[in-house]
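**Student:** This is what each chain is made of:
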Amino acid sequence: MNKMKSNSLIDFSLHLADNALILGQRNAEWCGHGPVLEQDIAITNISLDLIGQARSLYQYAAQLKADGSTEDSLAYLRTEREFRNCLLVEQPNGDWAQTMLRQFLFSSYQYYLYQYLQNNKEETLAAIAEKSLKEVSYHLRWSSEWIIRLGDGTEESHSRILKALEELWRYTGELFIAAPYENDLGIAISSLKHDWSKKVNTVFEEATLKAPENVFMHTGGKTGTHTEHLGFILTELQYIQRVYPGCEW
Amino acid sequence: MPVHELEKSFQQKIDNEVKIEPKDWMPDAYRKTNIRQISQHAHSEIVGMLPEGNWISRAPSLKRKAILLAKVQDEGGHGLYLYSAAETLGMSREEMINDLHSGKAKYSSIFNYPTLTWADIGAIGWLVDGAAIMNQVMLTRTSYGPYARAMVRICKEESFHQRQGFEILLVLSRGTAEQKGMCQDAINRWWWPSLMMFGPKDSESTNSDQSMKWKIKRKTNDELRQNFVDMIAEQIKVLGMKLPDDKLKWNESKKHYDFGEINWDEFWQVVKGNGPCNKQRLDARKKAWENGEWVREAAAAHAKKRAERQKEKAA
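If you read the sequences in order, they're chains A and B.
Residues in the first sequence are numbered from 14 upward in steps of one, following this note's numbering.
Residues in the second sequence are numbered from 140 upward in steps of one, following this note's numbering.
Just so you know, the hints here were simulated from the structure itself, not pulled from any lab data.
Backbone N, C-alpha and C define an ideal beta-carbon position, used for all residues, glycine too.
Heads up, some of the hints might be wrong.
[To be verified] Selected chain B positions facing chain A (Cβ under 7 Å, derived; list incomplete):
no.: 1; residue: 168
no.: 2; residue: 192
no.: 3; residue: 196
no.: 4; residue: 253
[Claimed, not checked] With a cut-off of at most 27 Å between alpha-carbon atoms, the simulated DSS-like pairs for lysine-lysine come out as follows:
no.: 5; chain 1: A; residue 1: 144; chain 2: B; residue 2: 152
no.: 6; chain 1: A; residue 1: 223; chain 2: B; residue 2: 452
no.: 7; chain 1: B; residue 1: 202; chain 2: A; residue 2: 212
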């Protein structure tokens with residue numbers, strides 16, 4: 014592989030890892046505060062799956078970088094402008110409707126992406142995608158059920174989901190716009206949009222919801238220009254490593 | 140059968156080590172004591188998620204973050220089995236939760252102490268889970284069947300948590316001067332509250348005698364506390380740290396460690412609600428429950444709509 018390609022593969026792996034880490038970090042904020050014990054456990058479990066995926070992907074990126082980087086140096090010692098996660102995952106939890114919608118929009122994207130990546134010629138990446146797909150299938154089923162329950166539940170839950178859509182829909186466009194590293198690697202990210210939209214519309218229909226139209230789409234996360242939220246997330250996440258550099262934990 | 144006959148055969152079962160099961164006859168006081176104890180235990184698991192949950196977002200490595208998430212999730216799971224075990228005695232989970240929120244039901248006072256540094260996560264695993272295990276191992280043989288069986292599973296996970304906690308401290312104890320300081324500081328703050336977890340002295344414990352007779356408990360508070368001190372006084376040598384007790388000393392004639400007097404004034408203050416975090420913990424639980432109300436209502440409303448649609452289809 015030439016150097017440019019290999020850099021792109023590192024960037025792409027970091028993008029996937031950052032997505033998983035930041036959403037895992039966000040979901041973990043629910044731990045101990047969920048609306049009912051079973052769902053508290055479920056969202057914590059999804060967080061745990063995502064942190065696990067992030068670890069595999071950071072380890073892979075560290076191995077490609079071959080410069081002494083580790084999963085922890087990549088997660089804990091990069092800055093806001095170096096993170097490549099999409100804007101959707103860094104959005105605040107809001108209420109349960111907003112968290113469920115964020116999870117659903119992201120899991121449906123991740124589901125088709127990992128399905129696509131499990132055939133990638135980079136074997137390690139394909140293997141991580143294949144393994145993660147089992148978890149993501151569950152995340153997608155679980156969050157779909159919640160969208161349906163909330164959309165087709167009470168008047169209040171319906172209006173809360175609508176508010177969440179207004180909040181989050183504008184961050185979905187970015188998912189399907191290829192970043193330079195995706196173009197370099199020939200990752201046909203825009204081709205996933207068709208399946209994703211179909212899935213989202215099917216679930217929305219059952220939930221008596223409609224996907225918003227003509228919404229301005231925000232971009233930038235995948236190349237390191239984030240919303241203001243990410244800085245605060247990293248401040249908390251990286252705190253110990255920044256205060257006590259170079260220690261074993 | 141007259142009540143005194145039922146009571147006699149109940150006590151005989153207990154004496155013969157036959158477990159009491161949900162549908163068996165049992166004295167009201169036995170039922171009430173078990174509901175109180177099991178629901179209190181369930182609440183402790185749920186409230187206990189809060190002080191440790193504090194550190195998930197700040198865990199110092201991805202591995203530690205994953206381990207801590209899994210641990211706190213396990214506690215939620217323990218809460219679930221325990222609520223289910225208590226429900227077999229005829230009280231609903233919702234009623235139990237309401238009692239927690241109103242202050243009628245208690246939870247372990249240990250969770251009213253704050254987690255101030257990362258080392259606290261290690262100290263909780265090692266000392267708090269360690270103290271809990273002393274009690275829980277005994278409870279795997281408690282006379283009420285569903286409680287005993289829930290405990291078998293819980294004990295396996297708890298001993299794993301205790302080892303993880305110890306390992307956090309072990310790494311700190313071999314680290315930089317700052318890490319060592321953090322480790323000793325956490326031990327200093329968690330040691331005495333951990334000893335308090337075993338409850339009042341036997342001479343002052345009101346529930347102990349009857350609970351021993353019914354084999355709900357099989358060891359007294361003081362016996363369990365002594366076993367715990369003996370275990371920790373040895374384990375701390377591996378860490379090269381000190382327990383904050385000048386009176387701690389091996390007593391060759393008793394074959395046990397002697398230790399200093401617990402600050403019972405502090406103990407009762409925390410029980411009464413005046414610990415450093417009583418208010419925050421209960422507020423956090425109430426807030427989660429209140430903010431979740433519309434979610435639970437939506438889930439119920441949707442389930443009802445769905446069932447009606449299926450009925451229409453079938454008709």
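**Student:** All hints are to be evaluated individually against the structure, with a verdict given for each.
**Tutor:** Cross-check of the supplied hints:
1. 168: Constraint on residue 168 (chain B) not satisfied, violated at 29 Å.
2. 192: Holds. Min distance 4 Å.
3. 196: Holds - the Cβ of residue 196 (chain B) comes within 7 Å of chain A, reaching about 5 Å at its closest.
4. 253: violated, 15 Å
5. A:144 / B:152: violated, 51 Å
6. A:223 / B:452: Status holds; Cα separation ~25 Å.
7. B:202 / A:212: Measuring from Cα to Cα gives roughly 34 Å; hence the hint is violated.
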